[in-house]
Structures are given as C-alpha cells and as structure tokens.
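K.L.:
Make a model of the complete structure from these sequences and hints.
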Amino acid sequence: VIMQKYQLKKRKGDFMEQWHQKLHNNTTPDDIHICEAYLQFLRSDGSLALFYEHLEGHGITRERLQTFERPILQEPVFFTSIKNGLINE
50 VIMQKYQLKK RKGDFMEQWH QKLHNNTTPD DIHICEAYLQ FLRSDGSLAL
100 FYEHLEGHGI TRERLQTFER PILQEPVFFT SIKNGLINE
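Quick note, our numbering runs 49 ahead of the 1-based positions in the sequence shown.
Since the hints were made in silico from the structure, they are not lab data.
Among these hints, one or two may not hold up.
[Said to hold, decoys possible] Per label pair, the in silico range of CB-to-CB distance:
hint, residue 1, residue 2, range
1, Asp94, Gln123, 16 to 24 angstroms
2, Gly108, Ser130, 27 to 35 angstroms
3, Leu72, Gly134, 13 to 21 angstroms
4, Glu118, Asp94, 30 to 38 angstroms
5, Ile131, Leu99, 12 to 20 angstroms
6, Gly134, Leu99, 28 to 36 angstroms
7, Arg111, His73, 20 to 28 angstroms
Glycine included, C-beta positions come from ideal geometry on N, C-alpha and C.
P.N.:
Here you go:
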C-alpha cells in the first residue's frame with residue numbers, strides 16, 4: 050500500500066523496490082534495523098552516513114545487504130516531497 054500510495058513501485062531497481070522484494074521473499078530480523086535506518090535517513094533529510102551507521106551498529110554492512118537472497122544493491126534516495134508521508138506511515 051505504501052509503495053503504491055507514493056508511486057514507489059514505478060522506480061524499479063531502487064532501494065525501496067529491492068527491500069520490498071526482500072520482505073516478500075525472505076523477511077528476517079535484519080528488516081527491523083533496515084526500517085529503523087531508513088527512518089533515520091528520512092528524518093535526517095537523506096543522510097546516507099546515518100543510514101549506514103545505524104545498520105553497521107546492528108551488524109549489517111553494505112556487503113551484507115548485497116548478499117541477501119533478494120539483495121539490496123542500491124542506496125536509498127531522498128525525496129523531499131514524500132518524506133513526512135513515509136515517516137508517518
């Protein structure tokens with residue numbers, strides 16, 4: 050619903066689409082930390098440093114993201130226009 054509401058599915062191959070595919074195919078406890086990191090990314094107006102700092106604090110490296118059964122290969126992209134909507138969902 051969130052991806053449709055904010056037209057995120059139309060951006061094939063980006064972070065949100067890749068994480069969405071991972072959630073559907075292989076949800077793990079890591080997804081809680083990925084979600085928290087993404088919320089930090091949004092609240093910080095797109096700080097990738099804070100995104101990765103949060104993940105690494107929970108043992109999730111960029112390399113680990115890329116080795117999931119459904120890998121997350123892209124970094125999140127910040128869209129000012131949907132920031133508050135995504136945070137509040």
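K.L.:
Look at each hint and say if it fits the structure.
P.N.:
Outcome of the hint check:
1. Asp94 to Gln123: 16 to 24 angstroms: 19 angstroms, holds
2. Gly108 to Ser130: 27 to 35 angstroms: 33 angstroms, holds
3. Leu72 to Gly134: 13 to 21 angstroms: Cβ of Leu72 to Cβ of Gly134: about 19 angstroms, so the range 13 to 21 angstroms holds.
4. Glu118 to Asp94: 30 to 38 angstroms: Because 32 angstroms falls inside the window, the suggested range holds.
5. Ile131 to Leu99: 12 to 20 angstroms: 18 angstroms, holds
6. Gly134 to Leu99: 28 to 36 angstroms: With a Cβ separation near 20 angstroms, Gly134 and Leu99 fall outside 28 to 36 angstroms, so the hint is violated.
7. Arg111 to His73: 20 to 28 angstroms: Given range 20 to 28 angstroms: holds, Cβ gap about 22 angstroms.
The structure does not agree with numbered hint 6 stated previously, though it agrees with all others.
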